[in-house]
Amino acid sequence: MINPRFTQVIAVLLLALATLFTLAILVFIIGFILSKGLAHVDIDFILSNPEDMGRAGGIYPTIIGTLILSTLSILIAAPFGIGTAVFLTEYTRESRVTRIIRFGADCLAGIPSIIFGLFGFIFFVTTLGMSWSILSGSLTLAFMILPTIIRTSEEAIKSVPYAYRDVSFSLGATLWQTVRKVVLPNALPGILTGIMLSLGRSIGETAVVIFTAGSSLRTPQSLFDSIRTMSVHFYILAREGLSNEKAYATATVLIISILAINLISYWLMIRFISKRSG
Amino acid sequence: MADKIEIRNLNLFYDKFHALKSVNMVVRDKNIIALIGPSGCGKSTLLRSINRMNDLIDGVRINGEVLLDGRDIYNSGLDIYKLRKRVGMVFQRPNSFAKSIFENVAFGLRVARLANKKKISEIVETSLRTAGLWDDLKDKLGTSALELPLYHQQRLCIARLLAVEPEVILMDEPCSTLDPIATMKIEEMMIELKKKFNIIIVTHNMQQAARVSDQCGYMLLGDMVEFNKTSEIFTNPRDKRTQDYITGRFG
Chain A
1 MINPRFTQVI AVLLLALATL FTLAILVFII GFILSKGLAH VDIDFILSNP
51 EDMGRAGGIY PTIIGTLILS TLSILIAAPF GIGTAVFLTE YTRESRVTRI
101 IRFGADCLAG IPSIIFGLFG FIFFVTTLGM SWSILSGSLT LAFMILPTII
151 RTSEEAIKSV PYAYRDVSFS LGATLWQTVR KVVLPNALPG ILTGIMLSLG
201 RSIGETAVVI FTAGSSLRTP QSLFDSIRTM SVHFYILARE GLSNEKAYAT
251 ATVLIISILA INLISYWLMI RFISKRSG
Chain B
1 MADKIEIRNL NLFYDKFHAL KSVNMVVRDK NIIALIGPSG CGKSTLLRSI
51 NRMNDLIDGV RINGEVLLDG RDIYNSGLDI YKLRKRVGMV FQRPNSFAKS
101 IFENVAFGLR VARLANKKKI SEIVETSLRT AGLWDDLKDK LGTSALELPL
151 YHQQRLCIAR LLAVEPEVIL MDEPCSTLDP IATMKIEEMM IELKKKFNII
201 IVTHNMQQAA RVSDQCGYML LGDMVEFNKT SEIFTNPRDK RTQDYITGRF
251 G
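Quick mapping for you: the protein sequence lines, in order, are chains A and B.
Under this note's numbering, the first residue of the first sequence is numbered 1, with each subsequent residue one higher.
Under this note's numbering, the first residue of the second sequence is numbered 1, with each subsequent residue one higher.
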């Protein structure tokens, strides 16, 4: 028999090691990108247009492109996703149909993004004639992130204590009033987490964007213009060997903005929660 | 005095389980009724039949009549939302919303689409006063209700209910999470509320039933074994089973 105290020590060591290993890799990746790219990032890089296919100049249009594309995809996907989640949890009873819908959403979440890209290309770009555009891109991205938003919202809604609904009904509220005034406000932090996850995914996405929004380096004037996002720009710079410096600089801006988004949303959530309970 | 609630031959099934068996009960106006009995005897189910909260549960079937002021709440086309405003409920756990104290009390008014801000403030104040909370909380109406101690939260839940001006208040073991002093405060409040409201309370605490109620019903396995004046039930029970329960031989 092995001494339980001994196994306890081993377990703690192994778990700590696993954690340390994960952290180390994360720190290494971020550190690697920053060390290669940070030196080439300045205000000019962020605010000026690229020149010579991106070999020189800045990345202003790709920042705008990323911003518009990801925001729009969230704006499209969030209402549908949250709506579906509310419907599945509050308006239907658990049955074969809801299980099939949920299974479908899970499958959809597992589909590789390039399949979504291909679908978007065939459906929006060619069949509907929307060409490579912000609209085609954000609609396709919306499809891609929809399952995540549905599932995270659903979990958030389910975690709202049932007693809250009981009280609301017992005070004469309808189901819709209960959803709007009690369930959704309490589920909001969880729903926002899902949205932030999705935002990160659509910012980092390349396959879908190349297929459906193209890779134009011009600053877009309308929703029907093609754009290039930071991720796609980074991919093209690295893939075509145009400029390693600019590629790392782009990656640096990308990583910093994703970190910033996470920090800001975290901060907003803390503030939101403490405002309601403090 | 008029009959506020009359329950006639009420049967309730959860799928195949017969939870209420031909229950009869008459509640006269401005009274406190206590329902006692061992766990699972159907007293909470009976309580939740009076504001149709059982409707929310899958597989519930109900037959029989529950008359509120002479009208059957199940079959007369009575609006279920209006019914629940007339017959309010206090739950076992103090379940204040994660909102401010003010918004907790105002919830029922917002749901009823009352928009007059002055009127809402007035009603919130009156409700908190009746619940004995106004003096303690008037300066911190904007803080979260979740920060209040439990016994304040339970009174806040009662204030939240009073704001919609119910006629009947159903209480489902409202003191089970409270200490004896907080329980005493709630009981004092119930005696005060009795002047204006009808109260039906489910309780595990027989002393509580004896202290506060005018009439008392003993339930066992879905049957209303005995329903009588509280003084009668506790001093001179007619049924052997009631006697066993109140003397502590069972339950």
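Treat the hints as calculated values from the structure; they're not laboratory data.
Among the clues, some could well be false.
Said to hold, decoys possible - Distance windows between CB atoms, simulated:
| no. | chain 1 | residue 1 | chain 2 | residue 2 | range |
| --- | --- | --- | --- | --- | --- |
| 1 | A | Ser95 | B | Ser176 | 52 to 62 Å |
| 2 | B | Lys140 | A | Ile270 | 46 to 56 Å |
| 3 | B | Lys140 | A | Trp267 | 21 to 31 Å |
| 4 | A | Thr127 | B | Tyr14 | 15 to 25 Å |
| 5 | A | Trp267 | B | Asn24 | 55 to 65 Å |
| 6 | A | Thr7 | B | Asp15 | 40 to 50 Å |
Claimed, not checked - Non-contacting residues of chain B with respect to chain A, defined by C-beta distances greater than 10 Å in every case (computed):
| no. | residue |
| --- | --- |
| 7 | Asp3 |
| 8 | Phe13 |
| 9 | Arg28 |
| 10 | Leu56 |
| 11 | Asp58 |
| 12 | Asn95 |
| 13 | Ala112 |
| 14 | Lys117 |
| 15 | Arg160 |
| 16 | Asp223 |
Glycine is no exception: its CB is placed at the ideal position from the N, C-alpha and C atoms.
Here is what the structure says about each hint:
1. Ser95/A <-> Ser176/B: 52 to 62 Å: Violated, since serine 95/A and serine 176/B (Cβ atoms, about 34 Å apart) do not stay within the stated range.
2. Lys140/B <-> Ile270/A: 46 to 56 Å: 22 Å, violated
3. Lys140/B <-> Trp267/A: 21 to 31 Å: 26 Å, holds
4. Thr127/A <-> Tyr14/B: 15 to 25 Å: 52 Å, violated
5. Trp267/A <-> Asn24/B: 55 to 65 Å: 60 Å, holds
6. Thr7/A <-> Asp15/B: 40 to 50 Å: With a Cβ separation near 47 Å, threonine 7/A and aspartate 15/B satisfy 40 to 50 Å, so the hint holds.
7. Asp3: 23 Å, holds
8. Phe13: 18 Å, holds
9. Arg28: 23 Å, holds
10. Leu56: The claim is violated: leucine 56/B sits with its nearest Cβ about 7 Å from chain A, within 10 Å.
11. Asp58: Aspartate 58/B is in fact no farther than 10 Å from some Cβ atom of chain A, at 6 Å.
12. Asn95: Per Cβ check, asparagine 95/B is inside 10 Å of chain A; nearest 4 Å; violated.
13. Ala112: 7 Å, violated
14. Lys117: The assertion about lysine 117/B holds, with a minimum of 17 Å to chain A.
15. Arg160: 7 Å, violated
16. Asp223: Aspartate 223/B is indeed farther than 10 Å from all Cβ atoms of chain A, at 26 Å.
In summary, the numbered hints that this structure violates are 1, 2, 4, 10, 11, 12, 13, 15.
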